[in-house]
Each structure stands twice: as structure tokens, then as C-alpha cells.
Amino acid sequence: MSDIQTLPLAKAINAGLRQAMLDNSKVLLMGEDIGPLGGVFRVTEGLQAEFGANRVIDTPLAEAGIIGTAIGLAMRGYRPVCEIQFDGFIFPGFNQITTQLAKLTNRHEGQIQMPVVIRVPYGGHIGAVEHHQESPEALFAHTAGLRIVSPSTPDDAYWMIQEAIASNDPVMFFEPKGRYWPKGPVDFSGSSAPLHSTRVVREGTEVTLLGHGAMLSVLLEAADIAAEEGTSVEVLDLRSISPIDYAPILASVQKTGRLIVAQEAPGFVSVGSEIAATVTERAFYSLESPVLRVAGFDAPFPPAKLETTYLPDVDRVLEAVDRALAY
Amino acid sequence: MSYTEATIQLLNPEGSLVTNDASAEYLPYIEALSDEQLRDFHRQMVVTRRFDVEATNLQKQGQMGLWVPSIGQEGAQVGSGYAARAQDHIFPAYREHAVARIRGVDMIDVVKLLRGTTHGGWNPAEVGNFHLYTLVIAAHTLHATGFAMGVTLDGKTGTGDLDSDEAVMVYFGDGSTSQGDASEALVFAASYQTPQVFFLQNNHWAISVPVTTQSRTPLYLRPSGFGIPGVQIDGNDVLASYAVTRKNLDEARSGSGPRYIEALTYRIGPHTSSDDPTKYRKDAELDYWVKRDPIPRFETYLRGRGETDAFFNDVRVEAEDFAADIRRRTLEIPDPPVSKIFDHVYSEPHSLMVEEKAWLAAYESALDENGAQA
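So the protein sequences, as listed, match chains U and V. In terms of our numbering, the first sequence opens at residue 1 and continues consecutively. In terms of our numbering, the second sequence opens at residue 1 and continues consecutively.
The set of hints was computed from the structure by calculation and includes no laboratory data. Honestly, I wouldn't trust all of these hints.
Unchecked claim - Sample of chain V residues with no beta-carbon within 12 Å of chain U, all distances over it, derived:
1) P13
2) A32
3) R85
4) N123
5) T145
6) G146
7) S183
8) L221
9) E251
10) A284
11) V290
12) I326
13) V354
Said to hold, decoys possible - What the simulated footprint calls covered on chain V by chain U, stretch by stretch (three residues with Cβ under 8 Å from a Cβ of chain U suffice, anywhere in the stretch; the number is not a length):
14) 147-156
15) 343-349
What the hints assert, rightly or not - Below, in silico cross-link-like pairs of lysine to aspartate or glutamate (EDC-like), each with a Cα-Cα straight-line distance of 20 Å or less:
16) K357(V) with E281(U)
17) K247(V) with D161(V)
18) K26(U) with E163(U)
19) K183(U) with E45(U)
20) K26(U) with E130(U)
21) K291(V) with E36(V)
22) K305(U) with D315(U)
23) K357(V) with D322(U)
24) K340(V) with D169(U)
25) K340(V) with E109(U)
26) K357(V) with E109(U)
27) K255(U) with E203(U)
28) K60(V) with E332(V)
29) K26(U) with D154(V)
30) K255(U) with D322(U)
31) K305(U) with D169(U)
32) K156(V) with D250(V)
33) K60(V) with D250(V)
For each residue, glycine too, the CB sits at the ideal point set by N, CA and C.
Work out the full structure, taking the sequences as your base and the hints as a guide.
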């Protein structure tokens, strides 16, 4: 019996949170405006009404307070899921995430676990003001002790949020807010792929495109156009940033010989840089061209009227495809 | 900042009980203590101080990277540490050696932390719910508050049974009060009415910066702005520390919300072994506080109750034996295995840790082979 529904990604996360709360009474949601309002993106809509104010906790407006108290709750045996309202507002909680949440299992030499999920709506495409469109995932990927994932489809969002909550380690769950509202199928009767796995979403033979979150729709569109122009492009959804599942990436590069890593985040010292370095180390003899990065510029995220120029788009991806093929 | 009219004191620096309106509320807590419990207050203070001296010497002899002495603060720590009930959870900063010992931490584990063989040292579940030291100032205040939120969610507080209702106590210092986390902990504690006592040891110095730079008002007044009652005690009076903490913890565990205690004490030694207090503080100030040392006044009090030289000599011998034992065991602490770099970064396998651990093992074994050939 298949149960497939078409939902926006935001609603898929809502459904995943609800299922996790039904499955385990220790799962709590915490954050600003997540109660009666349902969060500024309505991802938690209806959950406080269903589960009560002790399990869907509207917190004071303090990110360090949210993360820090979530840590204490996790020590007590709870599994808090924290909502950070916008990417650029996570930094008041940065200390608690990087020096405490990420380190506590190690500090305790494995005697305690830190099953805390931090949900972060991230990325551009919504025309918002400063601090509302950033992609800070690399800042966290540099910190040992954190797991970092980002879904690109409603189906993945539904399953991955549940896997993140089931993890006994802290998970940063980056939600591509530019993709919150387009609908896609969610197979409630299906099963989840491993949380930390890269997935081949389109097969091709000449160039590999790799990205995560909102980049996937851009990469798939670019692949369509490239195909019309006669170039066979393979597209991979990274899904997990820490750890990175390299086997499918290396297998693809061994087939195509060309890799382009795309991300909204600035390219300097980024996830794309890390993948480029590792693929160069591990698949040097398979490469027909250098690994190329298509990224946000290394400048602050610009005012919204410039965001379509700042963010990597289909044309910039295709330009990189041309450059790769020129070798 | 010295004592004020609001400072609660049960035992004055001369070693006499204080009888006034303020102390009347707390003296019954002292009257309920047995002679053996009072003797134990003294024993814990003296042994901890001797431990601190030994650890300081071991650090100077290269056996530890750093030492963090608590000398001068034993009264605040022993009194409050004893006030906690067995079911309570304690979140220390990093100088609460006496509380650690009272709750059951093997003090060699504190040495290990500062020797550099561990970042932690003990399992809180096995040592009286005494959590790990936290070195990022005030970060742990939020953990304590979150934990206390969990106690409430569990329904393990406020039932009216003092022997099972749980409370949480968090230690922090005057420097910590300036950190945002400490204020956020007060906000969350007030919002969710946590069963929690904030125990501030105002030892007057955040390394070299005096408390007067941290706050223009007495710190016990600060929580009132958050809707949390605050009191100030003579932190060098072990009896006041015990009685006031006992009362406040029991109020917190009984469902009346968080409490805040400012214990006025003094860091007689340096901030750490890397510090030189003569560069920033006056001898006269040190002399003032040495005259208010928690240990001599309590000894005077006990002698007034009939304790004899025999008892005090026994404690001195116990302290010497304890120090000698710490010295012997410090020299025997093995270096940690290399695998400790990777083993507990995550609780479930993470490919980077797995790969790098394997790489390092192969690298080191290759070095061993080359060394053997050479």
C-alpha cells in the first residue's frame, strides 16, 4: 500500500516533526514564535495545539539561551529540536553550538550523548533583508562533533528530519527556505535513505554537477538545458555535509572525469573547496579537468535586489560546464 | 565590595555565632546539624586547602599544565555543597574542588583534567550528579537551567517531598555575571520557573579585573530585575553558606521557582598558576580578606563547642595523607592512548573520524617499523 502525497517541503518537515513526536515522547520542539504562530515559516504549524506547550516550547528571544537550555534538556534525557528563525540569527548561539553542544560527548568521553537537532532555514531566493538569506553551513562543518545535513526535496525533508531526531549526535538541519513552498511527492509508506548519503538524482556521462539544498533545482534545470545542447550531465544531491559520503561522488567522477560543485555559500574556505580538494586527492587520474566551484561571491550577501546576480544560477552553472568541457 | 547591611552572616570572623533578626531565620538549620556534620565541614575545608597547596606544587614541578586554586573559597563551597541533597544536580564552573569532593569526585580526576590527559574526568551519573567543569565562562549556566526545565517536565520537583524532589544548583563567578549566557540563564529560569539555585561566588577578581568593573551595584540585586529573589551571604562563613543554600534549594525544589545567592568570598591565591596577583591587587586588600578566612573562624567556633587538639591534629594528618596520596597518584597517571583523539567525538561512527584514526594508526605503525629497522 503506497501512501504518496504531494506537499511543499515546509509541510513535509511539519509532518516529519509530528511523526517524530508521536514516536518518542522525549522529542521537544523549542524556538521563537513556534507555538501559536507556527514559526515565521509555519513549519511547526498546529503542533503546539496537538502536543501542548510543554512539548512545543515558545522560548524567550535568545539563541544562546535556546541552544544552551536544549543542551541541559538533552543531558536530562530529552531530544530537543531547536528552530533558529533565520540563518543569520544563529550567531548568538554559535558559542553554545561549537564549544558546548559539539564538544560535550567528547568531553564526557562518550558517557553522555547529545541528541539535539538545530533546524536552520537558510539560503536566498526570498528577497529578504540583511541576515535573512545566508548560507553559513561551512562555519559549522569546520567544527568536529556536529553532523550537518540539508534536504532538497519534500520526501527527503520528511525522512531526514526524522533521522536527524533519531541521531544520538547533534545534527544541524539546514532547510532551503527558497524551496519551502514548491510541492513534491512524499512517500509516507516508503523508507529513508541513510541520513549521511549522497544521492545520484540524474545520470549522465560527461560532467558531474554536485550541490545541496536549493542548488538542486538549479542543477537539474542546467542539466536539462545541457542535454538539449548535447551534453550528458550527471547530477548528485550531496544531502550530507558532515560527514560527506564520497563513494558516489568518486564513482561519478570516475565515469565523467569532470566535477562542478555548486553552492549558494561563498566559495572561499567552503564545502565546495573541501570537496574539490578531496576529489583531487582521491580521483586525480580520473579527472579530465580541474574541479570547478560555482558559488556565492566572497562578499556579504547583497541587498535583495541584487540577489539573483549574487546567487549561482543556471547560466553560471552552464558557463562552468563549458569551462570544464574545454579541457 | 565588602559586606553590606544585607549580608547574611551566622558566624563572624572572630568565630562567634551572630544573633540578630537576619540570622534568626537560619540558625535553626545549624542547630539541626550533628557534631559529626560540623566536624566534617572543618575536615572538608582543611583537606581541600591542603589538596590545593599540593596541586599548586605539582604544577610548579611540571606535573600539570595549569592549576586553578580555590584557596579562600572553601567556606562558600563546603557549606553550599553540603546543603545540596543527594538527588540534586550540581553544575560547577571550574574552581569548585570542595564541592566536587563532597559529591564524590575522586580528586585525582581533577588533576587529570589539568594535567592534560582528559577534557572531562568523571561521569556525573557516578559522582553525585556533579557535572563536568566548563571552561567557557558562564556557558554552563544555561545547561543547568535547561536541565532544571527537564526536571520540571519530568514532574520530579514540587511534589512536597524534600527527600525526592530534585533541584539544580549552578556555580559561577563574578566575572561570569557579565557574560550574556548568565543573563539568558536568568531569563529562561524565570520564564519557566525552574527548580534551581544560582550560586555566585563573588571572589572579587576575574583574573585581574575587579568586580567593581563587572558591576556598579551589588550582584545579589541583579536577579531582582529578572524576577528572581537574590540574597547576599558572607561566603567565608561556612554556616551561612550551608543554611542559606539549604533553605533556598528547598524552596526551589518545592515549586517556588529559582533563587540566587551571592556569596562574598575572596580568591586568596592567583586566578590560576599562570597568574601573578601582585601585579594588580593591593596587599592591604589581601590582608583584609585573610583576616576573614573561613577556616580559622570555624576552628574557633568548634573549639568553643568543645573540640580538642586531638580532632584538629587528626584532620591535619588526614590532609597530609590526602596530599601525599594525590602526589603519588599524580606521578602514576599514564598518558592517554592516541585513539582518544577520535573515539568519542561522535557517539555513532563518523567517516572522517574512522578514516583519520585508521590513517594515524597506519602512519604510527610505519614509523615504528622504520625505527626498528634503523
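For each hint, the structure was consulted:
1. P13: 38 Å, holds
2. A32: 31 Å, holds
3. R85: R85(V) is indeed farther than 12 Å from all Cβ atoms of chain U, at 17 Å.
4. N123: Violated, because the least Cβ-Cβ distance between N123(V) and chain U comes to about 4 Å, which does not exceed 12 Å.
5. T145: 5 Å, violated
6. G146: 2 Å, violated
7. S183: 9 Å, violated
8. L221: 21 Å, holds
9. E251: 21 Å, holds
10. A284: 38 Å, holds
11. V290: 36 Å, holds
12. I326: I326(V) is indeed farther than 12 Å from all Cβ atoms of chain U, at 22 Å.
13. V354: 9 Å, violated
14. 147-156: holds (count 7)
15. 343-349: With 6 residues close enough to chain U, the hint holds.
16. K357(V) with E281(U): Roughly 18 Å between the alpha carbons, so the hint for K357(V) and E281(U) holds.
17. K247(V) with D161(V): 14 Å, holds
18. K26(U) with E163(U): Holds: K26(U) and E163(U) sit about 15 Å apart, inside 20 Å.
19. K183(U) with E45(U): Roughly 17 Å between the alpha carbons, so the hint for K183(U) and E45(U) holds.
20. K26(U) with E130(U): Violated, at roughly 36 Å.
21. K291(V) with E36(V): 26 Å, violated
22. K305(U) with D315(U): It holds: about 18 Å lies between the C-alpha atoms, which stays within 20 Å.
23. K357(V) with D322(U): The hint is violated at about 40 Å.
24. K340(V) with D169(U): With Cα atoms ~18 Å apart, K340(V) and D169(U) stay inside 20 Å; holds.
25. K340(V) with E109(U): 8 Å, holds
26. K357(V) with E109(U): It holds: about 16 Å lies between the C-alpha atoms, which stays within 20 Å.
27. K255(U) with E203(U): Within the cut-off at roughly 10 Å; holds.
28. K60(V) with E332(V): 17 Å, holds
29. K26(U) with D154(V): Judged against 20 Å, a Cα distance of about 10 Å means the pair holds.
30. K255(U) with D322(U): 18 Å, holds
31. K305(U) with D169(U): Measuring from Cα to Cα gives roughly 39 Å; hence the hint is violated.
32. K156(V) with D250(V): With a Cα-Cα distance of about 13 Å, the restraint between K156(V) and D250(V) holds, given a limit of 20 Å.
33. K60(V) with D250(V): 42 Å, violated
Going down the numbered hints, you'll see the structure goes against 4, 5, 6, 7, 13, 20, 21, 23, 31 and 33, while the others check out.
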